[in-house]
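Since the structure of chain A is already known, use the hints to place chain B on it.
Chains as they are written, first to last, in the working numbering: chain A, 1 to 506; chain B, 1 to 98.
Check each hint, because a few of them may be wrong.
[What the hints assert, rightly or not] Computed footprint of chain A on chain B, listed as stretches where at least three residues anywhere in the stretch have a Cβ under 8 Å from a Cβ of chain A: (1) 35 to 49; (2) 52 to 58; (3) 68 to 77.
These are computed hints drawn from the structure, not numbers from a lab.
For glycine and all other residues, C-beta sits at the position ideal for the given N, C-alpha and C.
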Amino acid sequence: MTGLTQLSAAELAGRIHRRETSAVEVTQAYLDRIGAVDTAVRAFLHTDADGALAAATAVDQSLQRGDAPVSLLAGVPLALKDVFTTVDMPTTCGSRILQGWRPPYDATVTRRLREAGVVILGKTNMDEFAMGSSTENSAYGPTRNPWDLDRVPGGSGGGSAAAVAAFEAPLAVGTDTGGSIRQPSAVTGTVGVKPTYGGVSRYGLVAFSSSLDQGGPVTRTVLDAALLHEVIGGHDPLDSTSIDAPVPPVVAAARAGATGELAGVRIGVVSEFRGEGYQPGVLRAFETAVDRLRDLGAAVVEVSCPAFDHALPAYYLIAPSECSSNLARFDGMRYGLRCGDDGTRSAEEVMSLTREAGFGPEVKRRIMLGTYALSAGYYDAYYGQAQKVRTLIIRDFAAAFEQADVLISPTTPTTAFRLGERVDDPLAMYLSDLCTIPSNLAGNAALSVPAGLSDDDGLPVGLQVMAPAMADDRAYRVAAAYEAARDAADGGPLWCRVPDLEAVSR
Amino acid sequence: MPTISRDEVAHLARLARLAVTEEELALFAGQLDVILTSVARVSEVAVEDIPPTSHAIGLEDVFRDDVPRPGLTQQQALSGAYATEDGRFRVPRILDES
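Chain A with its partners taken away, still in its complex shape (with noise of 0.2 Å):
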């Protein structure tokens, strides 16, 4: 492994844009990096290195004539989700029905990081559609979690956090619909980021859960983060859904926490989210955490959040919903696969035969499930109710950020398990969205900051960092400072400890 692919992409972007190496020779890293452990870790379900140096190429092209920087993070590599479009590779969202499928356009994250000179080295591995807590539900086999291979990389965007954790590229994009972010993050040891629903676009990102998915950063620093956050984010007409507002102002959040400390700040620890369930390792680590915010100067209060306990079975009413809907879509007619049409068989017939082949367990479990949910006779207990039930969520976060600026919680109750130990127990995968959930069905910012390693099996633990709706800038800040403090604390990066891959691969 070359120096290069230890860098965060700050830094990195700074010796490129310096003309101290170029954006050729950090991809090629990169590559080389991926070329070294991916049959190890298998983050990546598509690379493409001829467009990915070609992009690098016009960055140095351009810094060599004299212009300036595109953005903060031209020349950096970045390893993008299957589930956002993009017209020079595959978009296959983990799924069998859309496997080799070349979409017609970009998503609107795809070209804003083209636009900001972003070197886009492949596409990432996750669960079928993003459905999934593990990546094990993709049909092209799980990602493993480079801090112990036998471990998941969380889901659905394992093959992001794996990306990134494994040192296969400095940033990756990752989408969040219960936790598909900020899960993989906490388990890889890594920063993910679930902003403000409505904060980074949706357009050409294939729906789960309309109301649900958001787009957002996962790096190795903080700072990392919001350079991303803010290449990706901002209004787009295409998505009626996206705020017409300034991307809140997370770089500068992350660089003056880094700095600074946290005196005034108001901290609310959810009580809701302790006790039962959760792994001893996982609550020390958290009230480490607690204490060093409190050396910080910040005010440390605990805050209750009732109705968080029935978020995850609204989640789970609401999001199968939603999905039932959105993957109406899948055919057999336009795009993706077919099966079945020998020339006797109906339109229905194929399209039912389609999706039997095409999708997986769990992506059908969830369309009947919101079949279900949907259906008459049962709308008002399970549907209707769970939305009342997101209105309490929404009321609790309000009366919670009028005693706190920020709210914290562990990211997940347990560090990485085994593959395997939880696909056959889909109740058992869910609750490990237990924590995150209530910030997708409220909408606000929320972000995971590793905390260092559990004690009892020495895995990343994650420090989860809640803000209200358009203040993602006071969740980087108090995770830049955390962050910062933790580093000191324990000599260095988290990942500077993961396990030495190309040697496991050999």
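Showing chain B alone in chain A's frame:
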């Protein structure tokens, strides 16, 4: 609360256009029952007078100026199709005669 029968799961699969197998029916019936029993807890929450939320941010109608902008070309729109004919999507018969 719910116990979902195999027949109900078969009905849901038909509604959802999923040609599930017999083995899947048995598996899904058990799993959906566990999941539904767990999520049914939402019905215990007292929510009289609570308005439903369909969208977290207050979503209002969004307008834009009525100016034409390019969409996909016919070739792009057809580029992912399983079968095309005369520049159109070719689909199986849409009427079931049985």
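Inset, instruction - State the violated hints by number, sorted upward, taking the hints as numbered earlier in the document. - result: Violated hints: none; all satisfied.
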